[in-house]
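*Asks:* These protein sequence lines are chains E and U, in that order.
FYI, the numbering for the first sequence is 1 to 401, going by our numbering.
FYI, the numbering for the second sequence is 1 to 401, going by our numbering.
Keep in mind that the hints were calculated from the coordinates and are not lab data.
Don't be surprised by glycine CBs; every beta carbon is placed ideally from N, CA and C.
Errors might be hidden in some of the hints.
Stated by the list, open to error - If the Cβ cut is set under 7 Å, some of the chain E residues that face chain U in the computed set are:
{"hint": "1", "residue": "Ile25"}
{"hint": "2", "residue": "Gln61"}
{"hint": "3", "residue": "Ala196"}
{"hint": "4", "residue": "Ala240"}
{"hint": "5", "residue": "Asn320"}
{"hint": "6", "residue": "Ser321"}
To be verified - Only part of the chain U face toward chain E is listed, based on derived beta-carbon distances under 10 Å:
{"hint": "7", "residue": "Phe50"}
{"hint": "8", "residue": "Val52"}
{"hint": "9", "residue": "Val200"}
{"hint": "10", "residue": "Arg244"}
{"hint": "11", "residue": "Lys257"}
{"hint": "12", "residue": "Ala295"}
{"hint": "13", "residue": "Leu296"}
{"hint": "14", "residue": "Arg298"}
{"hint": "15", "residue": "Ala299"}
{"hint": "16", "residue": "Ala303"}
Protein chains: 2
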Amino acid sequence: MKPNDLPSTPWVLARRAARMNPSVIREILKVTERPGIISFAGGLPSPSTFPVAEFAAASAQVLGQDGPAALQYAASEGFAPLRERIAAQLPWPVDPAQVLITTGSQQGLDLVAKVLVDPGSRVLVETPTYLGALQAFAPMEPEVVGVANDASGVLVDDLEAKAAGARFLYLLPNFQNPTGRTITEARRAELSQAAARLGVPIVEDNPYGDLWFDQPPPAPLTARNPHGCIYLGSFSKVLAPGLRLGFLVAPPTLYPKLLQAKQAADLHSPSFNQRMAHEVMQGDFLARHVPRIRALYRAQRDAMLAALARELAGLGVEWNSPDGGMFLWARLPRGMNALDLLPQAVERGVAFVPGAAFYAGETPDADALRTLRLSFVTATVPQIDRGVAALAAAIREQQRR
Amino acid sequence: MKPNDLPSTPWVLARRAARMNPSVIREILKVTERPGIISFAGGLPSPSTFPVAEFAAASAQVLGQDGPAALQYAASEGFAPLRERIAAQLPWPVDPAQVLITTGSQQGLDLVAKVLVDPGSRVLVETPTYLGALQAFAPMEPEVVGVANDASGVLVDDLEAKAAGARFLYLLPNFQNPTGRTITEARRAELSQAAARLGVPIVEDNPYGDLWFDQPPPAPLTARNPHGCIYLGSFSKVLAPGLRLGFLVAPPTLYPKLLQAKQAADLHSPSFNQRMAHEVMQGDFLARHVPRIRALYRAQRDAMLAALARELAGLGVEWNSPDGGMFLWARLPRGMNALDLLPQAVERGVAFVPGAAFYAGETPDADALRTLRLSFVTATVPQIDRGVAALAAAIREQQRR
């Protein structure tokens with residue numbers, strides 16, 4: 001019982017551990033968590049949208065009616081009624097047997113990487129792309145290759161140039177994290193055909209699709225070629241992230257391996273949470289609830305667009321106007337660098353994420369270094385006004401240097 | 001939108017996917033789930049021990065007081081008060097900063113394998129060992145090597161013979177799944193010294209340690225050499241498995257990589273569940289609750305031992321008498337095979353898991369083929385009596401053939 005008498009143990013890390021790194025965003029968020037900072041940095045849904053009372057009622061109902069079952073081990077595939085509901089509400093024919101409940105859609109990315117990625121095998125991503133996906137893929141040691149895009153989405157020419165040997169193309173087609181960009185109907189049709197022709201499977205990640213502001217986004221890529229796609233969904237943005245519930249829909253040929261990977265990873269997602277989510281969504285709850293989230297986030301986006309137009313006029317900054325989701329993408333004038341701007345912005349009381357964090361692979365180019373991601377959903381409208389004014393002041397100061 | 005016009009997509013699986021296989025136990029459980037079968041096969045805690053009312057109160061409390069925070073994204077490390085509580089109750093000095101909340105202890109095994117196992121690297125396990133650990137390690141493609149043991153635990157001589165290059169030794173020291181065996185104090189002391197001398201880290205998995213019947217098991221291996229061990233714990237057996245909450249305790253040098261693997265795997269374990277578990281465990285709840293589980297399981301073990309002595313007398317079957325946990329280990333007479341016995345047992349209305357499922361690596365030898373795992377916690381005492389009688393009848397029939 002004297003540990004100091006024992007020789008120290010030589011832990012040997014797996015090679016893949018070298019690919020695991022702290023999230024840049026996480027590190028930024030730590031800095032910006034200090035009180036008084038207005039944060040456009042986080043990707044947190046507005047807690048005012050969480051249906052707390054409905055969850056309380058659902059929890060009481062589930063524990064009262066099925067307590068022992070809700071608290072017991074359960075099937076790795078997930079709670080059958082929840083899988084049926086998911087299959088029924090997707091806009092293409094889905095057999096509930098193709099639906100796998102995951103511990104957040106982040107786990108779906110982990111399972112996909114485990115089943116499809118060998119060390120050195122190619123994975124194609126958008127430029128830029130979701131940082132969490134890069135982190136989920138990294139331990140399986142892929143060669144991550146960014147495909148170029150324009151405002152309509154991934155460029156088919158560049159996809160063709162990079163397709164050889166790709167295990168899959170990872171897409172976030174709706175109100176993308178980080179850019180807010182949505183792939184157009186025409187580009188989806190082209191991409192779907194091209195991917196099938198090139199033999200490149202698509203992994204379609206759709207956490208934000210329900211958060212449209214004026215009209216729903218075009219049909220999913222998966223709906224156009226279900227046997228060539230894995231589709232990932234989430235309850236984090238329409239219900240609440242703290243339940244950690246997502247799902248994937250896989251072709252029948254792939255489902256068994258994803259299920260086995262799931263079973264090995266955590267046996268099953270919490271049965272209590274699955275039953276509670278199912279209970280909350282009974283009837284037309286989402287049809288009433290989600291429009292409220294859309295209206296709130298649209299008002300917040302409008303507030304940010306108005307503040308940007310007002311405060312950044314003449315500074316040479318560009319930004320887009322997303323049709324839904326949580327994020328807006330801005331570009332500083334030539335010669336500026338968002339990483340350098342951040343500390344000055346934080347000093348003035350506002351935070352954002354430099355866009356360079358979202359570029360796969362190599363050192364981001366000068367263009368990427370000018371980008372920043374602004375979340376418009378966590379801050380209130382008055383905070384948005386003050387935060388954008390502070391951002392403008394920081395940019396002006398930077399330009400004077 | 002005409003999927004049939006598209007060429008079919010050539011999905012390429014990662015090499016590691018060949019190591020993912022359906023759980024043998026899962027397949028057996030499917031067969032035995034038909035109504036009327038008395039199952040000694042499953043590893044399910046008795047649902048009568050789940051504190052349903054306490055969870056209902058805790059859920060109302062958490063949602064009422066901290067609803068938005070409980071439903072929001074949260075730190076990958078876990079809920080700080082829960083980590084503090086875990087650190088405080090472990091029987092050696094643990095800094096809460098070393099505690100990582102996992103989505104069941106199964107996820108702890110997944111993270112450990114990701115961070116420590118390269119393809120072909122050696123992992124040492126007990127003979128037999130927990131099947132779920134073999135499944136969690138398999139995707140990282142280890143060379144799994146079973147170390148021999150006697151009734152006191154792993155044999156130090158055999159550990160020495162097999163230690164070269166081992167990334168870790170995986171142990172389930174208390175009331176092991178599947179054998180019910182507990183490693184003795186003397187053997188723990190020997191093993192701890194030997195592992196440190198040989199430079200072999202230990203991964204200590206302790207889901208059953210609190211379920212002792214007469215006296216607590218000896219101190220954990222980790223307590224004897226915290227820098228040379230990763231410790232895995234679980235709330236599945238003392239609270240409920242349906243929350244999917246476990247934890248690991250890692251040396252400060254390893255913690256960051258395990259944390260990064262955790263973040264990539266599912267961002268964090270459900271914040272709501274962590275707060276609910278913490279709320280339920282306030283005050284002296286476990287000190288009142290766990291003794292009730294112990295008393296119940298001890299009575300069930302005694303019932304099974306009595307039934308075995310009564311029904312199997314003279315049949316040449318041997319079994320052990322576990323000091324805690326959920327499982328008992330039996331051995332059929334020479335020449336018999338538990339796999340062959342199972343269908344006949346099921347026909348007579350009773351199920352078990354053939355022990356061969358728990359042996360790592362190569363084809364199990366004749367000795368392993370005679371073993372079976374009997375869970376005494378899921379069936380009621382009258383069911384245990386009927387089930388053991390049915391088992392005896394099946395063995396007799398098999399012996400007549």
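*Asks:* Now, for every hint given, state plainly whether the structure supports it.
*Replies:* Quick rundown of the hints versus the structure:
With a least beta-carbon distance of about 11 Å to chain U, the hint placing Ile25/E at the interface is violated under the 7 Å criterion. Nearest Cβ of chain U to the Cβ of Gln61/E: about 10 Å, over the 7 Å cut. The hint is violated. At its closest, the beta carbon of Ala196/E sits 4 Å from a beta carbon of chain U; the interface hint therefore holds under the 7 Å criterion. Satisfaction of the interface hint for Ala240/E is found here, the shortest Cβ-Cβ separation to chain U being roughly 4 Å, below the 7 Å cut-off.
Against a cut-off of 7 Å between C-beta atoms, the interface hint on Asn320/E is violated, since the closest Cβ of chain U lies about 25 Å away. Interface hint status for Ser321/E: violated, as the beta-carbon distance to the closest one in chain U is roughly 26 Å, over 7 Å. With a cut of 10 Å, the hint placing Phe50/U at the interface with chain E holds, because the nearest CB-to-CB distance is about 4 Å. Here the hint on Val52/U is kept, as its CB sits about 4 Å from the closest CB of chain E, short of 10 Å.
Because the beta carbon of Val200/U sits about 8 Å from the nearest beta carbon in chain E, less than 10 Å, this interface hint is met. Interface restraint check for Arg244/U: the shortest CB-CB distance to chain E comes to about 4 Å, inside 10 Å, so the restraint holds. Against a cut-off of 10 Å between C-beta atoms, the interface hint on Lys257/U holds, since the closest Cβ of chain E lies about 5 Å away. Given the 10 Å rule on beta carbons, the hint for Ala295/U is violated: about 19 Å separates it from the nearest Cβ of chain E.
The interface hint given for Leu296/U is violated, since its Cβ lies 14 Å from the closest Cβ of chain E, which is over the 10 Å cut-off. Annotation: Arg298/U was flagged as interfacial toward chain E, and the flag is violated, the nearest CB pair being 21 Å apart, outside 10 Å. Taking 10 Å as the C-beta cut-off, the interface hint given for Ala299/U is violated, the closest approach to chain E being about 19 Å. A least Cβ separation of about 21 Å between Ala303/U and chain E goes past the 10 Å threshold, and the interface hint is therefore violated.
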